[in-house]
Amino acid sequence: DQGTTSTGSATSKGKPRIALIMKSLANEFFATMAKGAEDHHAANAHRYDLIVNGTKDERDLARQVSLIEEMTSQGCDAIVIAPADSKALAPACRRAMEAGVVVINIDNRLDAEVLAEAGISIPFVGPDNRAGAKAVGDVLAKQLIPGAGARVVIIEGVPSAFNSQQRRMGFEDAMKQANIEVVAVQSGQWEMGPANTIAAAMLNEHPDIDAILCCNDNMALGAVAAVKAAGGEGKIKIVGFDNIEAIHGPLREGLVVATADQHADRLAVEGIEHALTILETGQTPSDRETPVDIVTAETLSQAQ
Amino acid sequence: MSDTGGKSVWHNIRQQVNPEYLGMAGVLIGLVVLFTLLSDHFLSLRTFTTIANQVPDLTALAVGMTFVLMIGGIDLSVGAVLALSGAAMGVVLVDWGWPLPMAICAAMGVGALVGFVNGAISSWWAVPSFIVTLGMMEVARGAAYRITNSQTKYIGSQLDVIAEPIRGLGITPAFLAAAVTVIVGHLVLTRTVLGRYMTAIGTNEEAVRLSGINTRSIKVYVFVIAGLLSGLGGVFQSARLSSADPNAGIAMELSAIAAAVIGGTSLMGGRGSVISTFFGVLIIALLQTGLAQVGVSEPSKRIITGSVIVAAVMADTYRRRYAAGRRRGRKPRKPGEA
Amino acid sequence: MSDTGGKSVWHNIRQQVNPEYLGMAGVLIGLVVLFTLLSDHFLSLRTFTTIANQVPDLTALAVGMTFVLMIGGIDLSVGAVLALSGAAMGVVLVDWGWPLPMAICAAMGVGALVGFVNGAISSWWAVPSFIVTLGMMEVARGAAYRITNSQTKYIGSQLDVIAEPIRGLGITPAFLAAAVTVIVGHLVLTRTVLGRYMTAIGTNEEAVRLSGINTRSIKVYVFVIAGLLSGLGGVFQSARLSSADPNAGIAMELSAIAAAVIGGTSLMGGRGSVISTFFGVLIIALLQTGLAQVGVSEPSKRIITGSVIVAAVMADTYRRRYAAGRRRGRKPRKPGEA
Amino acid sequence: MLSIRSLCKSYAVPVLIDVDLDVAAGQVHALVGANGAGKSTLAKILCGITPFDSGQMTLYDKPYRPTGRTDALAAGIDMVHQELMLVDTLTVAENIHLGRIPNTLGFARQHSMNRAASQVLQQIGIGSLNPATLVGELGVGKKQLVAIAAALANRCRVLILDEPTAALTGSETEILFQQIALLKSQGVAIIYISHRMEEIERLADWTTVLRDGRVAASDRAAALPQSAMVAHMAGESRRMEADRPRQPVHAGDALRVRNLSAGDAVSDASFVVKRGEILGLAGLVGSGRTELLRAVFGADRADSGQVHLGEQAPCRYATPRHAVRAGLAMIAEDRKRDGILSTQTVRTNTTLACLPRMATLRSWIKRRSEESEAIRFVDLLHVRCHNIEQPIGELSGGNQQKLLIGRWLMRGAEVFLFDEPTRGIDVAARAEVHRLIYDLAAQGKGVVVVSSDFDELMMICHRIAVVHRGRIVRDFKLDEMSRHRLVEAAVTGSSAT
Ligand SMILES: Nc1ncnc2c1ncn2[C@@H]1O[C@H](COP(=O)(O)OP(=O)(O)OP(=O)(O)O)[C@@H](O)[C@H]1O
Ligand SMILES: Nc1ncnc2c1ncn2[C@@H]1O[C@H](COP(=O)(O)OP(=O)(O)OP(=O)(O)O)[C@@H](O)[C@H]1O
Ligand SMILES: [Mg+2]
Ligand SMILES: [Mg+2]
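Chains as they are written, first to last, in my numbering: chain A, 312 to 615; chain B, 583 to 920; chain C, 583 to 920; chain D, 478 to 974.
Pulled out of the complex, with its shape left as it was, chain A reads as follows:
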């Protein structure tokens, strides 16, 4: 049918074309991912062509589906996608695969059940958010006096986001293990400003809390500002996730205890390599879990 013909014409030109579809490029994590992919492409320009696209908004599933369709229709050979939703993207991926496109899933794992229902399997390369968040939570727990009635709050991202749910669960796992009470969970919408408002209100409502766990670093920065404004520097500990550039300052200043690095740049590269392997050898390598590293003030000073 039409799909295979256009794919055929593309491959006949030699270099395969790979489309990287991400979530919002407004998010530093994905911007880093894009940069990693572009750097990799620059070094391997003879091997493939790259098209990078993201959505305007983290949550824009419809646009991601459209992007899959558009990339398929313009005859890309492979799509490397960081899905905005673990279920809703599966049918679109299936349609792309039916049109002969190789699909690789990175970052956020597509739901196994839905994939099975659709009768497809898609190789996955990515980190385990929950485990990463648990590791961050563990670092924090060590710094809180264990068992002495320590209380914490969590600021989650957009509640419907898979990442946010995973990270929140990871944090909760760690806190449960250390016997620390989570007194409240509220959403900071992944953003700094709203997180700041939420954190300030939580500090008012629960003046005796010991830590704020944030599902990303932007929200952690918002929390830092709230803690400062409330005069709680040093008393209230904060952790984040993602290891964005801007968090390094507060980390060094001791305002933030830890964050997690998922190596966004390597994530995309691994995904592209995966796709290339399939395109070049026809063999499907196994799923790969990428590492999540904990970043603290010490690891930062060691790195220098």
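It should be emphasised that the hints constitute simulated quantities derived from the structure, not laboratory data.
Among these hints, one or two may not hold up.
In silico SDA-like links for lysine to any residue, alpha-carbon gap of 25 Å or less [stated by the list, open to error]:
1) A/LYS326 to B/GLY794
2) A/LYS346 to C/GLU788
3) A/LYS346 to B/SER882
4) A/LYS546 to C/ILE633
5) D/LYS539 to B/GLY794
6) D/LYS813 to C/PRO710
7) D/LYS619 to B/ARG853
8) A/LYS546 to C/ILE800
9) D/LYS843 to C/LEU769
10) A/LYS546 to C/ILE748
11) D/LYS813 to B/ARG853
12) A/LYS546 to C/SER626
13) A/LYS346 to B/VAL764
14) D/LYS813 to C/ILE800
15) A/LYS326 to B/THR618
16) D/LYS813 to C/ASN796
17) A/LYS487 to C/ASN796
18) A/LYS546 to C/ARG773
19) D/LYS619 to B/ALA905
20) D/LYS661 to D/ILE601
21) A/LYS326 to B/VAL878
22) A/LYS346 to A/PRO518
23) A/LYS326 to B/ASP622
24) A/LYS453 to A/ALA608
25) A/LYS546 to C/HIS623
26) D/LYS813 to B/SER848
27) A/LYS546 to C/GLU746
28) D/LYS813 to C/HIS623
29) D/LYS843 to C/ARG853
30) D/LYS619 to B/ARG903
31) D/LYS843 to C/ARG773
32) D/LYS813 to C/LEU776
Model the placement of chains B, C and D with the ligands on the given structure of chain A, informed by the hints.
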């Protein structure tokens, strides 16, 4: 009436085809040419069917928006209502096991209900629709989160009858339905009494009221229609995603407004065309797809999209003014919109 | 003029304190009482200083928005401009090492420039400001991503002079600056020629033009002022967060509009008050903080916020109509806004 | 058939007090009174637009208490409003049928609607107007005729005409009168509101004079001659028409307009006004008088030609601001659209054009001096309002008009362009406006007056230029003026005598 056969045919075409459409078609063709030059893979039937299959949801919203703008109102809640009605459809399909036709009715019913509330508050209480629908946008979004527990509901292949391309045609039933919506909307606006009253209300509500027409209920109808169409948009989008997403349609009201305004609909009411709005939708969709295919960076996408929207409206303003100038030798006296 | 001393004093107060403010103050007090009942920790000085320190950015935006609404325009780009100017400040402070005052000027300069473009296109080209600023919203956001490489910039303690609470007072210099902005804005609108022209333009632009007044440049000024204030908002927000975030201020234009409209500013132009807008800002901030403190779930937050906004405007409409009725024995003749 | 007993209505102050009125079928009942006497209010109450406070109304011996417009229409009462109530974006035909557009299953029957509209337009003498034209493209006069056509098309039992001729010239008025006679013969009752006493004398069977909301007199028309009506209207404080100042002989030119063209409404128009001279511009509806003034004033772009103000260099003003700076002032024709800020106060409206003068550093308004200036002009012009903080939209049309003139008097100018300055103004106020115009002339200003009332022009002007199809075709000196000649020149456009 006709001097020579040729001239008269040409004259006829000029009379039939609204010059407005020609301008918009020009913009569309310009964009196609541009993207064809920029990307080897753009110019293909697949690209166009892909675009066609993406637009049904925005089309439904934009038609409803055109109606609301015609009466001098605005509906900021359409995106959230799309999500809410999609969510409602997801719930009744998946959790309650209703059959598809009933689920579609449920989605559109939810939309109509929200539209009714919008219309009732804004017209009976005389609260500006901007603020009523701004509030409703939050309420509907919250309701969508609530009924889905903030999670995307996977519906699966049940909806494929709507969103699966028709064999041999490449376009989906959803697109056909959207096209029908556009045609019906156009006829309602231009040929029916309701449409005439809508235009009139947008221009001079007082005059309409003084001729004994119940302007308030007409305004309520219009919001109900916009709600219904948002519900339809929700059906289209859920079908395309095979899921009901409570985050669907964020900021989509702005795209719908942009589509209508690019199509020459006035934000002050009284002037607008559903067909032109559809051209506006196509321009927006084409721009999105084209930029993605060229692989423009995200910040540049934003900058280009924003500029093109403004440029399109500027061009339209210029065309309108020029046309008015040629016809009457001067610009219309009506005070400009701020 | 005075019958008895007591009566005249009372009369004086009634004359001085605009009844509008009393209504808004009532809503504020109502919310405080409500949240006090719902949360043990709400009623404390801390809460109020926290709220006060949260509002400077929204206040700056809302004052600018009031000005724009006064002339019958709208500015949807304020949130994006806030992000852009904050980003500009971050870049010049951190990467270029400029001193703080110059960085602040840079931020406000960027805002003013964007405002100028908005104003120039919307007034000289007569393109509706809704659409110009909608496009500008995209462009400014894209530019913000571009100049920061989509990265949040941590600025650190340099900005503490703006956002660190003053010892013994609990409120920040930023709040004081915002308060000054409100007062100056109020005086400009009510006491100056510019303010008068703005009101007049919003009421009947053609009449003002025919009176020999350069309405276009006044409209441009107003957009420049709105841009400047968005820049100021960017400074306030970056100071509060010690960072410049290109994602800042998303959908903040809607909050600013809501604040102005809750304060009784008309979306059709010609009617508005900066002080009332400030009350609107406080209502929104109080609601946000209160709901967060009570720990209401996300969906409910949305539903409540949306409903309260609409209810506040409905109450204001009712009050206005009632007041008009008492003064003139009937409801005002002006046709309602759709 | 329609009778009203002790009808009362008040806003902040009483507007109608114990009004009794009887209207008989097949009769023209004239309603006269000064601006703000309550004529329009009474009309609107009859039409169900405005609710009343107390009193009884009976229609054909049945109690009549309309709660809305629809009630009145159902009872067969229709009205031509004083302010134009038309929809600019609809066609002439749609406006004529607004509220009862013929349709099949909701679809408008365009053809039959246009045909019916054509017929009515024919009746009122504008059969040449295409019913598919958008109303927004018509001038005020044509719009007024369309509004009348709409009322005629709606077969009714009581027709209220609220100042229908204010924007019409002689010939259109004649046609309207023929239509009124026709309706009378069909047994329709007509309530006719006007400030033009000659019309009342010609038309009315019965006349009621309202003064300050009370019936001051009500009698057979024959029993109320013009002088009696005026006396009843104005009460004691009656002001007489002043005498026109002498025509200047040796004065220089205040304004010279040379070969001005603007679009297709104004082509190659030239005229001169001397200092201290009052020049009238006469013409038919749509002849381009308004467009000519607007082009001179820079309100619309002129394409070619020159405007010479006093000794200044010839130019074409690009915007009204340039014109005002140079010393021109224009009182626009369409008060509601181009003049007043209806929701703003009397004070704001009056001081709008010269605000910087009352402000420190041209920007900080000195509230005191603004107020005193506003009050001074309100007194000077005898404006009836509660106080200067009242929204101007609440004043009667005549008082609004006086304030708009006041706006320009306050600002001052060398040449004043008046477009229909006495439209909708009562006899006394008209005399005052005339006096204001005379004063300006006496001060040596140039004055151009456009009016559809040729008698008025002949009374106040030193010279009358006739406009035909956007061109000045003839100039009549004081001693050449006659109604007949003016009409002939306006209709035929011939420059021969
Ligand atoms: N909506 C209103 N609110 C307050 N006062 C009003 C309103 N409408 C009319 N009035 C007042 O009622 C009085 C009568 O007004 P009306 O319009 O009936 O006068 P009129 O006789 O028609 O005068 P004109 O000859 O100028 O048209 C005026 O003093 C006017 O100020
Ligand atoms: N807003 C408008 N748009 C388009 N054409 C107009 C407009 N207003 C007037 N015209 C046209 O311009 C011509 C001159 O109109 P103008 O208003 O100057 O006439 P006038 O002599 O002042 O008569 P009147 O004011 O009684 O209608 C007419 O043919 C009219 O149809
Ligand atoms: Mg009247
Ligand atoms: Mg005229």
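Hint compliance check: list the failing hint numbers for this structure, sorted ascending. Hints 1, 2, 8, 13, 17, 18, 22, 28 contradicted; others consistent.
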